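Protein chains: 2
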Amino acid sequence: MDQKPETFDLAVVGGRCLTLQADFPEISDSLILIKNGQIGWLGEKKDFPGRYRANSTLQTSGKLIIPAFINAHTHLSISLYRGLGTDLKLHDWLRRVIWPLEKEFCTPDHVYLGSCLSLLEMIKSGTGTLANMDFYASHGAKAIDDSGLRGLIGEALFSTPTPSIKDPRDGFNVTADLVNQYKNHPLIHPYVALHAPFTCSGELYQEAAEQAKSWGIKVCSHVAETVSEVEQIQGRYHLTPVEWLDSLGVLNPDFVAIHAVHLTGNDKEILAKRHVGVIHNPHSNMMLGSGICPVPELTSLGVEVGIGTDSASSNNSLSMLFELQTAAKLHKMSTLDPSVLAAHQALNMATIKNAGILGLSKITGHLAKGMSADLIVIDPSTANMIPLHDPYAQIVYSMDNRNIESMIVAGRMIMEKRKILTMDEELILKEVKKWMKVSSVYDFISIKDAAATEY
Amino acid sequence: MDQKPETFDLAVVGGRCLTLQADFPEISDSLILIKNGQIGWLGEKKDFPGRYRANSTLQTSGKLIIPAFINAHTHLSISLYRGLGTDLKLHDWLRRVIWPLEKEFCTPDHVYLGSCLSLLEMIKSGTGTLANMDFYASHGAKAIDDSGLRGLIGEALFSTPTPSIKDPRDGFNVTADLVNQYKNHPLIHPYVALHAPFTCSGELYQEAAEQAKSWGIKVCSHVAETVSEVEQIQGRYHLTPVEWLDSLGVLNPDFVAIHAVHLTGNDKEILAKRHVGVIHNPHSNMMLGSGICPVPELTSLGVEVGIGTDSASSNNSLSMLFELQTAAKLHKMSTLDPSVLAAHQALNMATIKNAGILGLSKITGHLAKGMSADLIVIDPSTANMIPLHDPYAQIVYSMDNRNIESMIVAGRMIMEKRKILTMDEELILKEVKKWMKVSSVYDFISIKDAAATEY
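Protein chains in written order, with the working numbering: chain A, 1 to 455; chain B, 1 to 455.
Bound conformation, chain A alone:
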């Protein structure tokens, strides 16, 4: 008698799968079987032993299948300010545009709405997991939960009052609440989010490191983003931002340094020695005129470097595809060496590298049995993707967001044939337009005094 066929929740049948595993990179005619949100089996279709049953099936013949992207750094809510104050420097942009806007408009509802808007864009560009640093982080977390994506969430902590935390001493209580609220959630993972060396005290960094250790979670912070930050910190402490953080004893493998643009040779060695993960945000750093993270040098020293979009107000796109595409080209240009950050390395940064840095390498970032079923289906049949000599090159150098056809996260169909299934796109966009009219936000910033707001 035949063995009873195993039943799966979802079968993804056909297509060329780039697993991004080092030793099993590619499946030419793939079968992916999903159960309880995880990959139960994957391999060449013809190699499946026996028979299977699937409660539903996604036909992907002729498509490319890759892991869903991971966006290792963003601020979900401020997509509402996209396009305001462009072409300003970081400190002007923060002080004259973003912070006054947040002071005026940042409410829990606004955070939820802005987060929903960002999540729509992220889904349409293939992001399955994101790390968010925001005010009212629990409201962003609710939006992420509603979207079906995986989120690392951190309440943005400053040493001064913020829109969501009037007394800075409450910061860790807010984070503790997140930790408690989401400790059993399969997709939402809290972390400790510190804004930056120029806005946070040494005591705050030290307490963050201790608390994070006790909770078993990561600490993420903007570090060495601009020349101005480096000058401020050197003025205060006679140390670079990285040296200062190291002198505080807070740099370790659970510390994630976001940006890391302006680094001395010693800074780079410290980051390597302390096994600090670095998150590169090329578009944001370009657009704000901040500079360029020395990714090839850091990598050659053994530093793990991932990638994120930063916010829709400093990028102004939340597409991880565009981000990895630009990263690949940017470092070729800065080193005058086109072999730097080859296509597969750029793709790895946005997937498997990000997963490692964020502590998710056993969950997501590559496709293998036992991993969460987090994948995107790419349609390579449009003119920009043809001829398909090399799928890695095509994804990294030629693809558009529109080629990302479907996305599955933790086994759940999030987008199918460009239609988002988990969120009401039309309603969210309508609400955003309504908010824009009511708040008269454009008029608000055009009359705003230069140094109006300081955290």
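In case anyone wonders, no lab produced these hints; they're calculated from the structure. Since this is a predicted model, take the numbers as computed values, not measurements. Some clues are possibly wrong.
Identical copies go unnamed one by one, so any copy, or any two together, can satisfy a pair.
Claimed, not checked - Dumping the calculated DSSO-like pairs for lysine-lysine here, alpha-carbon to alpha-carbon at most 27 Å:
id	residue 1	residue 2
1	Lys433	Lys273
2	Lys166	Lys103
3	Lys437	Lys46
4	Lys35	Lys369
5	Lys417	Lys430
6	Lys430	Lys45
7	Lys433	Lys45
8	Lys433	Lys46
9	Lys417	Lys433
10	Lys45	Lys437
11	Lys369	Lys4
12	Lys417	Lys45
13	Lys46	Lys35
14	Lys434	Lys45
15	Lys273	Lys166
16	Lys35	Lys183
17	Lys103	Lys369
18	Lys103	Lys4
19	Lys89	Lys213
Guided by the hints, dock chain B onto chain A, whose structure is given.
Chain B only, in chain A's frame:
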């Protein structure tokens, strides 16, 4: 009795129109009336005096309308090699990949097919006019003519034999044939295309300047693209490429220098003094590790700088949108000044500046009465475009190709709601796939000897 209403071929009704005219930048609820390929009237809908009739109407309420993009430098046919030999330096890439491939596969049919493929991608990303440098240029011209776009066409001339010109002395005859063939064509404009200082003799440049003057057309050439080129030219002539060209007496307002990456202070002054137009190709220069054209410096010296994609094999996208988006960010980064290349300036480069440099400023590049009706319609209703505080910022920093919904060139509907009307997309893509199988092109380059081909 009422005056008889004027009849137009096409009315574009409603929407916010960015004309890119300096003194009449924006129309909030626009009406554009087109007759014989030209704009017969444009302005606020409510300001139209009396009544009009239109043979057909495009409803664009709620959309953005801007001039169609101009791609000031490309090689249409080699989209067939897209994704081959990525992550190689320019000279390796040319000698080991592109030139051997062209030697083996470059035929008139292949040029036509590759050009059609490129044109599909260009239409989908809003390019209405392009400047092509290619072999068998008349076959590329046929593809452009079939597509309904406007094309500057140049046969790529070398001092050595090429796939299409066995005896280099025939080069100007081929160009003369193009000039004669297209002298009365409304949309196809020949120019003299010289490959580069390291592949063309001084005599060739001088004859090109003379011939072009007699025909009243432009000369375009790659100049100072890589360190290697500069070293070769300095080795041969003890001059930089720009100094050498100037010593030949060929630099003038009708000379267009493509790339212009590696320039000395003296080179920049020469370009300014001779009123040479420069075409920036940021993605290609980044991807090949060539470097970065000093756009802000050139502009401050009064040099007119436009922008192009270069080919789909060194970019690997033909989207002018991506090109202008990257340019805007790249120069902010290189100067650490986010006010450099502001959104409207980046948009101008891809439209009105390119038109000026290519000698088309009375035809295309901005929207005004009497100009050719070359425009794109943008759908700003998707998550990445909302909220629409600032349409310039949104186009330059947030838009996707998919937001480009429709395109009109010389009054003809080229694409409507993402459907290309002038070319058979399905058939072309099928032919490309067939070519790819028959030619075994991927196997071909993987066995190719390093220094196989030299023009």
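Violations among the numbered hints, reported as their numbers in ascending order = Those not satisfied are hints 1, 15, 17, 18 and 19.
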